[in-house]
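Chemist: Dock chain B against the given chain A, drawing on the hints supplied.
Residue numbers (the working numbering), protein chains in the order written: chain A, 54 to 642; chain B, 54 to 642.
Hints listed in this document are in silico derivations from the structure and should not be mistaken for laboratory results.
Be a bit skeptical, because a hint or two may be false.
Straight line, CA to CA, 30 Å or less: simulated BS3-like cross-link-like pairs of lysine-lysine [as the list claims (entries may be wrong)]:
id	chain 1	residue 1	chain 2	residue 2
1	B	Lys185	B	Lys266
2	A	Lys487	B	Lys378
3	B	Lys185	B	Lys150
4	A	Lys201	B	Lys627
5	B	Lys487	A	Lys303
6	B	Lys628	A	Lys175
7	A	Lys175	B	Lys627
8	A	Lys628	B	Lys175
9	A	Lys593	B	Lys615
10	A	Lys628	B	Lys201
11	A	Lys196	B	Lys627
12	A	Lys627	B	Lys175
13	B	Lys175	A	Lys551
14	B	Lys593	A	Lys593
15	B	Lys201	B	Lys212
16	B	Lys487	A	Lys378
Number of protein chains: 2
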Amino acid sequence: MMQHDSHVLFTGTSGSRHHGRPGLSHNQTVSTGKDSVRIVPLGGTGNVTKNMFVYEYRYDGKLRDILIVDCGIGFPEPEMYGVDLIIPDIRYLEGKKDKIRGLVFTHGHDDHIGGIPYHFGKLGGMPMYATKLTAAFANLKLKEVGVKDRVRTVSYDDKVIAGPFRISFIRLTHSVPDTAHLVIETPVGIIYHGSDFKFDFTPLDGKLPEINKINHWGRRGILVMLTDCLGSERAGMTASEQVVGTTLEKELTHARGKFLFTTQSSNISRIQLAIELAFKFNRQVAFVGRSIDQNVEAAKQIGYMHFPAESIIRDRDLRRIPPHKQFLIVAGSQGQPYSAMTRIANDSHRFIRVREGDTVVFSADPIPGNEVNVNSLIEELYRRGARVSYSDIMEDLHVSGHGSQGDLMLLLSALGPRYVFPIGGTYRHLMQYKRISQELGFDPQRILVPEEGEVLEFRHGTRPRIAEHIELENVMVDGLGIGDVGTTVLRDRQTIAKEGIVVVVVPMEQSSGRVTAEPDIISRGFVYLKDSGEIIDGAKAVVARSIRLKKGKIVDWAFVRKRIEDNLASYLNKKTGRSPLIVPVIIEV
Amino acid sequence: MMQHDSHVLFTGTSGSRHHGRPGLSHNQTVSTGKDSVRIVPLGGTGNVTKNMFVYEYRYDGKLRDILIVDCGIGFPEPEMYGVDLIIPDIRYLEGKKDKIRGLVFTHGHDDHIGGIPYHFGKLGGMPMYATKLTAAFANLKLKEVGVKDRVRTVSYDDKVIAGPFRISFIRLTHSVPDTAHLVIETPVGIIYHGSDFKFDFTPLDGKLPEINKINHWGRRGILVMLTDCLGSERAGMTASEQVVGTTLEKELTHARGKFLFTTQSSNISRIQLAIELAFKFNRQVAFVGRSIDQNVEAAKQIGYMHFPAESIIRDRDLRRIPPHKQFLIVAGSQGQPYSAMTRIANDSHRFIRVREGDTVVFSADPIPGNEVNVNSLIEELYRRGARVSYSDIMEDLHVSGHGSQGDLMLLLSALGPRYVFPIGGTYRHLMQYKRISQELGFDPQRILVPEEGEVLEFRHGTRPRIAEHIELENVMVDGLGIGDVGTTVLRDRQTIAKEGIVVVVVPMEQSSGRVTAEPDIISRGFVYLKDSGEIIDGAKAVVARSIRLKKGKIVDWAFVRKRIEDNLASYLNKKTGRSPLIVPVIIEV
Numbered sequence: 054m055m056q057h058d059s060h061v062l063f064t065g066t067s068g069s070r071h072h073g074r075p076g077l078s079h080n081q082t083v084s085t086g087k088d089s090v091r092i093v094p095l096g097g098t099g100n101v102t103k104n105m106f107v108y109e110y111r112y113d114g115k116l117r118d119i120l121i122v123d124c125g126i127g128f129p130e131p132e133m134y135g136v137d138l139i140i141p142d143i144r145y146l147e148g149k150k151d152k153i154r155g156l157v158f159t160h161g162h163d164d165h166i167g168g169i170p171y172h173f174g175k176l177g178g179m180p181m182y183a184t185k186l187t188a189a190f191a192n193l194k195l196k197e198v199g200v201k202d203r204v205r206t207v208s209y210d211d212k213v214i215a216g217p218f219r220i221s222f223i224r225l226t227h228s229v230p231d232t233a234h235l236v237i238e239t240p241v242g243i244i245y246h247g248s249d250f251k252f253d254f255t256p257l258d259g260k261l262p263e264i265n266k267i268n269h270w271g272r273r274g275i276l277v278m279l280t281d282c283l284g285s286e287r288a289g290m291t292a293s294e295q296v297v298g299t300t301l302e303k304e305l306t307h308a309r310g311k312f313l314f315t316t317q318s319s320n321i322s323r324i325q326l327a328i329e330l331a332f333k334f335n336r337q338v339a340f341v342g343r344s345i346d347q348n349v350e351a352a353k354q355i356g357y358m359h360f361p362a363e364s365i366i367r368d369r370d371l372r373r374i375p376p377h378k379q380f381l382i383v384a385g386s387q388g389q390p391y392s393a394m395t396r397i398a399n400d401s402h403r404f405i406r407v408r409e410g411d412t413v414v415f416s417a418d419p420i421p422g423n424e425v426n427v428n429s430l431i432e433e434l435y436r437r438g439a440r441v442s443y444s445d446i447m448e449d450l451h452v453s454g455h456g457s458q459g460d461l462m463l464l465l466s467a468l469g470p471r472y473v474f475p476i477g478g479t480y481r482h483l484m485q486y487k488r489i490s491q492e493l494g495f496d497p498q499r500i501l502v503p504e505e506g507e508v509l510e511f512r513h514g515t516r517p518r519i520a521e522h523i524e525l526e527n528v529m530v531d532g533l534g535i536g537d538v539g540t541t542v543l544r545d546r547q548t549i550a551k552e553g554i555v556v557v558v559v560p561m562e563q564s565s566g567r568v569t570a571e572p573d574i575i576s577r578g579f580v581y582l583k584d585s586g587e588i589i590d591g592a593k594a595v596v597a598r599s600i601r602l603k604k605g606k607i608v609d610w611a612f613v614r615k616r617i618e619d620n621l622a623s624y625l626n627k628k629t630g631r632s633p634l635i636v637p638v639i640i641e642v
Numbered sequence: 054m055m056q057h058d059s060h061v062l063f064t065g066t067s068g069s070r071h072h073g074r075p076g077l078s079h080n081q082t083v084s085t086g087k088d089s090v091r092i093v094p095l096g097g098t099g100n101v102t103k104n105m106f107v108y109e110y111r112y113d114g115k116l117r118d119i120l121i122v123d124c125g126i127g128f129p130e131p132e133m134y135g136v137d138l139i140i141p142d143i144r145y146l147e148g149k150k151d152k153i154r155g156l157v158f159t160h161g162h163d164d165h166i167g168g169i170p171y172h173f174g175k176l177g178g179m180p181m182y183a184t185k186l187t188a189a190f191a192n193l194k195l196k197e198v199g200v201k202d203r204v205r206t207v208s209y210d211d212k213v214i215a216g217p218f219r220i221s222f223i224r225l226t227h228s229v230p231d232t233a234h235l236v237i238e239t240p241v242g243i244i245y246h247g248s249d250f251k252f253d254f255t256p257l258d259g260k261l262p263e264i265n266k267i268n269h270w271g272r273r274g275i276l277v278m279l280t281d282c283l284g285s286e287r288a289g290m291t292a293s294e295q296v297v298g299t300t301l302e303k304e305l306t307h308a309r310g311k312f313l314f315t316t317q318s319s320n321i322s323r324i325q326l327a328i329e330l331a332f333k334f335n336r337q338v339a340f341v342g343r344s345i346d347q348n349v350e351a352a353k354q355i356g357y358m359h360f361p362a363e364s365i366i367r368d369r370d371l372r373r374i375p376p377h378k379q380f381l382i383v384a385g386s387q388g389q390p391y392s393a394m395t396r397i398a399n400d401s402h403r404f405i406r407v408r409e410g411d412t413v414v415f416s417a418d419p420i421p422g423n424e425v426n427v428n429s430l431i432e433e434l435y436r437r438g439a440r441v442s443y444s445d446i447m448e449d450l451h452v453s454g455h456g457s458q459g460d461l462m463l464l465l466s467a468l469g470p471r472y473v474f475p476i477g478g479t480y481r482h483l484m485q486y487k488r489i490s491q492e493l494g495f496d497p498q499r500i501l502v503p504e505e506g507e508v509l510e511f512r513h514g515t516r517p518r519i520a521e522h523i524e525l526e527n528v529m530v531d532g533l534g535i536g537d538v539g540t541t542v543l544r545d546r547q548t549i550a551k552e553g554i555v556v557v558v559v560p561m562e563q564s565s566g567r568v569t570a571e572p573d574i575i576s577r578g579f580v581y582l583k584d585s586g587e588i589i590d591g592a593k594a595v596v597a598r599s600i601r602l603k604k605g606k607i608v609d610w611a612f613v614r615k616r617i618e619d620n621l622a623s624y625l626n627k628k629t630g631r632s633p634l635i636v637p638v639i640i641e642v
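Bound-form chain A, shown alone:
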């Protein structure tokens, strides 16, 4: 499967003799002027998560080849009630399956790999590539839908050839090991895909960012650089992961009872560090929560984590160990509703109780949008009597995985691309990136900030242009349903959540078309009915009046329905100041 002796991996036949242009080797960046490369951000722009980029090679305007980079999940906004997660909208790829030459993952975070189990089947089984740990994590995801080991492992010195795209890998540092930037050579020019990164020159795993390669490609000349910009609001350089160890050690020195440690489950270097410190302080380690278990297992299998199996204890066996000998590595640092940490905080975990004298350390900052969940988690843990440490009260318990202004400008300077397309941030981060790169002397005209759905096209010797607008929706996953919660369902949920629902049942005799009995009114989430007899009586009267429009038979039920809705809406709003969703139901009896 893996060919580490060969440093070029082919994606099959289409790569080696494509375009019917014999003699033109795919790894030469010579353009005929007739061809173009497009960047289609399927995950949207101005997004931190849900990463998915489509690179297209076109000849004479006609689509020839597609390379996909990443396929991640997004997190629902607060008003997307009941939605578990969001995945990229891949309708654009419909009918283009046969053009997809490959998919490359940049690193093993859910917002870069988490969408693949949902979309793999629809993408036509293209070959997939990633560095070692990333491949292991992506394969874990695919396993859940019964797809086994389809993501192939590449080393940082491999090249992947996917049709006219020739992909090289550069090691960067981030909050998960084996993060890569991609250099994508195309006939039109060289693209640098620089997703999430920071420059950590003392990373925990000792594997340094490959600055030399960046310089090398910079000298070759980069047409466009895509770059992480999430940290563009922070001055200086982001601190090294090393500082976490020092802080954690201090915390352990003071700890008396159980010690609970939580961080991103994918940050296996930090978890390895925590394990080593636990041993140093003579504590036994337990992994608590499925995501930690799985990731540690996967990382151990490929030799990325090292610890003697016998020093790990199962959570059910913890009661045999005195509290001051316990070190628990717990999943759920973002306060996810069903995570181990949330269950522990609510005192509803099967095996673990937090009590006076225990210590809980959050080695993670809330992701924007999760502040409320994380805060209430911290509150609950305090209430159990724990000493809780988190970055608001203790510096250096967590460092970001994203580069700050210093890191970002270092990449920009080292690479010197012609154009820059900042990604992985919201609009404010894009604008801030523009501001700081301008201070560095970079021409702001060359910072590309396409709007949602805009497709950038690059051609030899001309300025990039917006070639197309595509429509992108949030594909929402709710329970078992994928995409069946759309805007209508969501809008109803929002209205009902804020205002309640009022259902009016009007019984109609099928044969005569006459209303046969008094209409019934049912409400939920509106007012407490038992205390609101007056309102309901009034509402019934309003409905009765709305029906009594024509004597005898009602012909135009749609009209009556509308009348009921309008009259009732105005009555209820006057009485309560609210605008519930009104649903008239004409039932034939």
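Modeler: Coordinates of chain B only, in the frame set by chain A:
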């Protein structure tokens, strides 16, 4: 109305001859041992907002007199869908109206005064007192319910006598002028009510915190100190308001187009500062938004703001002025849905458009829970082309009104109370207060942290105890309704928001008790029905089966209803992974 020559304000007869204990002056702190003072936190504990404290004087266990401090609103939690605001639950005061001797407001923030228009009528018209600006703001609130000028103004050297309570005022600094701490002398001991404050020794209005008074009362001996603890996670002292001016001036220097400035509408010192800077930079000022308008007007009337009326321009007249001559002071720094700033960001304000080259400055940090709203506000403003400044990218645009560890420990040291009851923070702040005061050498046993609903009782010569548990609910205001959205309605809203609602209508013949036609199924927020024929058909079959339990007449409808609910719930969950609210409706025809 105000008696500034007399420095003692009496609340009426009950104060001067109370308790039937002739000869015992109410302002002597001599206890017979039979009397006690209770603190009832009606706004709950572990809360930042919704402040309302009831002090009770009891003799032989019998309630004699009540003093109320503050009556504020709280803000709904994210899952309190549709709720506008929360007010204190004052059921505890039912039947005790005649014992209420007075109400004192500490400062003019909504979470201290905003509840009074809702509760004033039920509290029996007790006399109310506050310092000048606080009284003006509280009277503004009361005016909206038709109550005029009922809050009397006191000076910092006045004393208020409310039954056995003798109240002195100490000037403190905060993010609104005229903030006071209260010294409440009682027969059992002296209570220090130290709500929201910081020590700003260079406040914008030049009115310094009265440290000398604090020292004076410290020497007299304080039984219990209630103290703000919200800033207990921050090291050092909170910065002075002065720093905001320096930063704002820098921003103005760079500004080319319109300049929009937003801060808390009650922070009139900072607004005054902004106005002066606007003039310095030759810009005309417009106030945008009702809360700014009202507060500025009230502050101006009492001489707390100074500016020539002719330099103020109405928002509708702004179009006559070139952008670089405009300085807009805009309400809505927290991203409140209907505020002026939100409308401007959405480009839906009647008179104001933000365009490329304009500057927007946020001189406020998001209140916990508002992060998402504020972030999307910033996003939108960037999208309009504005240069946006906020504390994430620019230090010292805002300073907190709450003291940090240094401020808090300074108060504790200067006062040296016997007991401390930290207020105005969530549990984590209370615990953090405990931690830092312990480092200062304060006995943690003397930090009182009552749970929600616990009533503290103080008696001469004994340790305080929990005298009573009272039940406190969130009284929710939604539209015109006060308290009519209770837990049932809210729970329904939450279920429907996340899972949707399914209404099953079963027509039944009244005379025979037989089901006369096929049941109908209506859903909202569940699945998009038009695409889900299969599920609905299946659901109808399940309902039909649930009804077909007994042949012919159904007697026990409650049982059938339950059967429909259970069977349908399990069917729908199997099909969709969701658990919608199921509402069976038996309609008699």
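Chemist: Hint by hint, say whether it matches the structure.
Modeler: Verification of the supplied hints:
1. Simply put, Lys185(B) and Lys266(B) have alpha-carbon atoms about 19 Å apart, close enough for the 30 Å limit, and the pair holds.
2. For a cut-off of 30 Å, the pair hint linking Lys487(A) to Lys378(B) stands: about 27 Å separates their Cα positions.
3. With a C-alpha separation of about 26 Å, the suggested pair Lys185(B) and Lys150(B) falls inside the 30 Å cut-off, and the hint holds.
4. Of the supplied pair hints, the one linking Lys201(A) and Lys627(B) holds, its CA atoms being roughly 27 Å apart against a limit of 30 Å.
5. For the suggested pair Lys487(B) and Lys303(A), the alpha carbons sit about 20 Å apart, so the restraint of at most 30 Å is met.
6. Of the supplied pair hints, the one linking Lys628(B) and Lys175(A) holds, its CA atoms being roughly 22 Å apart against a limit of 30 Å.
7. Taking the CA atoms of Lys175(A) and Lys627(B), the gap is about 24 Å. The hint holds against a cut of 30 Å.
8. For the suggested pair Lys628(A) and Lys175(B), the alpha carbons sit about 22 Å apart, so the restraint of at most 30 Å is met.
9. With a CA separation close to 26 Å, the supplied pair Lys593(A) and Lys615(B) stays within the 30 Å bound.
10. The hinted pair formed by Lys628(A) and Lys201(B) meets the criterion: a straight-line CA distance of about 27 Å does not exceed 30 Å.
11. At roughly 22 Å between alpha-carbon atoms, Lys196(A) and Lys627(B) fall within 30 Å of each other, so this suggested pair holds.
12. Between Lys627(A) and Lys175(B), the direct Cα distance comes to roughly 24 Å. Compliance with the 30 Å bound is thereby established for this hinted pair.
13. Using a Cα cut-off of 30 Å, the hinted pair Lys175(B) and Lys551(A) holds, with the two alpha carbons roughly 28 Å apart.
14. At roughly 28 Å between alpha-carbon atoms, Lys593(B) and Lys593(A) fall within 30 Å of each other, so this suggested pair holds.
15. With a CA separation close to 23 Å, the supplied pair Lys201(B) and Lys212(B) stays within the 30 Å bound.
16. With a C-alpha separation of about 27 Å, the suggested pairing of Lys487(B) with Lys378(A) holds against the 30 Å cut-off.
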